[in-house]
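Participant: So you can see what is in the structure, the chains are spelled out below.
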Amino acid sequence: MENLGLIFAPLFSYKLLLVLFFGTVFGLILGVLPGLGPTTGGALILPFTMTLDPLSAIVLLTAIYCAGTYGGAITAILINTPGTPAAAATCLDGYPLAQKGEAGRALGMATVSSVIGGIVSVMVLIFFAPLLANLAYEFGQPEYFALAIFGLTMLASIGEGSPIKNLIAGAFGILISTVGKDFMTSIDRFTFGINELTEGIGFIPVVVGLFAISEMLTQSTLINQIFNRVALKAVKLPSIDDYKKTWKTIIRSSGIGSFIGVLPAEGGTVASLIGYAEAKRWSKKPEEFGKGSIEGIAGAEAANNAATGGAMVPTLALGIPGSATTAVILTGLIIHGVRPGPDLFREQPEFLYGIFGSMLIANVLFFVLGFFGAKIFARITLVPNKLLWPMIFAVSVCGTYSLNQSIIDVWLMLLFGVIGFFMRRYGFSVVPVIIGLILGELVEGTLRQSLVIFDGNWLMFLQRPIALTFFVLSLIALSFPLIKRKKKNDKV
Amino acid sequence: MNNVQNQKGTNKNLSLFFKSSFIVSFIIILISSLLLYFTFNFEIVPPILNRGIQPATFPKALLIIIISLTILIYLISIRKPWQIESKLTSTFYVTLISFIFFIIVSKFLDFFLGITTLSILVSYFWGEKRIIYLLLVGIIFPLIVFVFFETILGLRFPAGIITNLYYG
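Protein chains in written order, with the numbering used here: chain A, 487 to 978; chain B, -14 to 153.
Everything labelled a hint here was simulated from the structure, so no lab data went into it.
We put the CB at the ideal spot given by N, CA and C, even for glycine.
Some hints here could point you the wrong way.
Taking lysine-lysine pairs in the DSBU-like style, the calculated list, with each CA pair at most 30 Å apart, reads [stated by the list, open to error]:
| # | chain 1 | residue 1 | chain 2 | residue 2 |
| --- | --- | --- | --- | --- |
| 1 | A | K973 | A | K722 |
| 2 | A | K501 | A | K770 |
| 3 | A | K734 | A | K770 |
| 4 | B | K92 | A | K970 |
| 5 | A | K972 | B | K92 |
| 6 | A | K667 | B | K45 |
| 7 | A | K667 | A | K722 |
| 8 | B | K45 | A | K973 |
| 9 | A | K667 | B | K92 |
| 10 | A | K970 | A | K861 |
| 11 | A | K730 | A | K770 |
| 12 | A | K667 | A | K730 |
| 13 | A | K730 | A | K771 |
| 14 | A | K501 | A | K734 |
| 15 | A | K667 | A | K731 |
Chain A residues, not near chain B, derived (Cβ > 10 Å throughout) [what the hints assert, rightly or not]:
| # | residue |
| --- | --- |
| 16 | F676 |
| 17 | W875 |
| 18 | S888 |
| 19 | T955 |
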């Protein structure tokens, strides 16, 4: 707590403020453009962060994360297409309200609730991340293995879509991480005689492929789609009456979003859906939902932005990403030589509190930019796909090539683009692949080291209370969809 | 989400081999089995170097999990068929072919030319017929990106007929 003063350090660095401003503007642009988003944008900008110091690099990525999550609401409200998956629930009431000629009011509420959700979640991050990091001192290899397994099962359980398909995708992600030289014995695995593969498959080609290139292929099937844009005069701050109607919803959704964000899953997407559903459940006028309810917008937007801070908690405290975008941020930390985990809290508090402070400032910045600039950002959606996506392809190819200067990375990016397209087409989420890839080395490494400690006795895992707790929680997470389905069937 | 479907709009009436659930499951199992076969060719380390488990054990376990879960989703799909996906459009195939062109051109001719070819092909077949815009996305923008990466990140792009001219 003595480090709290460090939060305000970014305010006194013109360089960090500049990086924050650029990150927020770039994040808003990414959020507004359907198909792009903070994950793809973060992955594409990762090579450029090499020209920055570690703090500026992570500040840039987190600003993109915060602003990108909010930016999706602009498109959701004005053209009924979520700029990011996390804004899908915002469409349900945002667009109908905009059609009634109240686009400014809808965007005003989305902006205010996003900022409140974002700020609440940063508070959660500031309070809980050090606590979790302290707890992590108790963790040995078996505990980390159990925790990683818990993370993957949570992803399957509360992630979007079919839990079994999510598990397959997660296992596929871990499998990708096994390509290359085995880090313990230096034995080649799945390299097929290709020298470049001995170093393993990089994170960037997989992320850019699964997100940007697969989206390009998806957009190629939608080129005849026509968007009905609603005109926007100006963003209006919510009225006193609107605040009275929504303050409880905003607080509730901020709590829900922060909690969901902490769990390794598709953070904002799941949070916004739950936030929206809870807003409807507690509303005095649930019949208005889907027809332009201001509470619906507040519920979804507060929750998805609250997930940003929440998702940073396990990322910084344990090195386990809470969402796909935090997986990109985690990669950013690693390539800049910063090792997330409890030691980071003890040894580099100024770095961490700099990130916390920057996230707070990013929320204020996107409030100002969103409030005064939403009309300009909305115009970005007018760039036709036939021009936009070839440009994104050029940046993707050069960005992927740049990290290792390897042409194999570019081929892999294209391969994962095609795989990602078909995965999404048949209902497999690509997010578990990313999380699996990030967690892969941790899962295998901790399992093997645990077995060395246990002298090959698997049952010893059950004698470690923390590990056992995580395994039990994993079982509960896996059975959760079954219980939910049974309840649903019983209701019917 | 696609596996939770109503009866309407599903591919329940199609013959087994044309159901997407069968095709997708078959492909996953086929590739996984092939990879599983490869794991048996991984070197075996002597017990003194073996840290916990053999290097092949972990990938083997993962592949067995993937195969088992795929069988499970296929069995579930018999009771709850997947939705019929809309047919892929010609622009999708053109984009896919452009990727192949990109690979061939960048491997045998020039990396920059590969990006240019793909950008122009995609833009044209997605509906852009105006020369000025095709030049913009096909040449001017990639050139800006190239120069930007080259100067800011000090990147050296692979040699090729055009890139060599740039590097002199």
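Participant: Does each hint hold? Answer for all of them.
Facilitator: Status of the hints after comparison with the structure:
no.: 1; hint: K973/A with K722/A; verdict: violated, 42 Å
no.: 2; hint: K501/A with K770/A; verdict: violated, 48 Å
no.: 3; hint: K734/A with K770/A; verdict: holds, 12 Å
no.: 4; hint: K92/B with K970/A; verdict: violated, 51 Å
no.: 5; hint: K972/A with K92/B; verdict: violated, 54 Å
no.: 6; hint: K667/A with K45/B; verdict: holds, 16 Å
no.: 7; hint: K667/A with K722/A; verdict: violated, 57 Å
no.: 8; hint: K45/B with K973/A; verdict: violated, 36 Å
no.: 9; hint: K667/A with K92/B; verdict: holds, 26 Å
no.: 10; hint: K970/A with K861/A; verdict: violated, 42 Å
no.: 11; hint: K730/A with K770/A; verdict: holds, 12 Å
no.: 12; hint: K667/A with K730/A; verdict: violated, 60 Å
no.: 13; hint: K730/A with K771/A; verdict: holds, 14 Å
no.: 14; hint: K501/A with K734/A; verdict: violated, 38 Å
no.: 15; hint: K667/A with K731/A; verdict: violated, 58 Å
no.: 16; hint: F676; verdict: violated, 7 Å
no.: 17; hint: W875; verdict: violated, 7 Å
no.: 18; hint: S888; verdict: violated, 5 Å
no.: 19; hint: T955; verdict: holds, 23 Å
Figure legend: structure checked against the earlier numbered hints; hints not met, in rising order: 1, 2, 4, 5, 7, 8, 10, 12, 14, 15, 16, 17 and 18.
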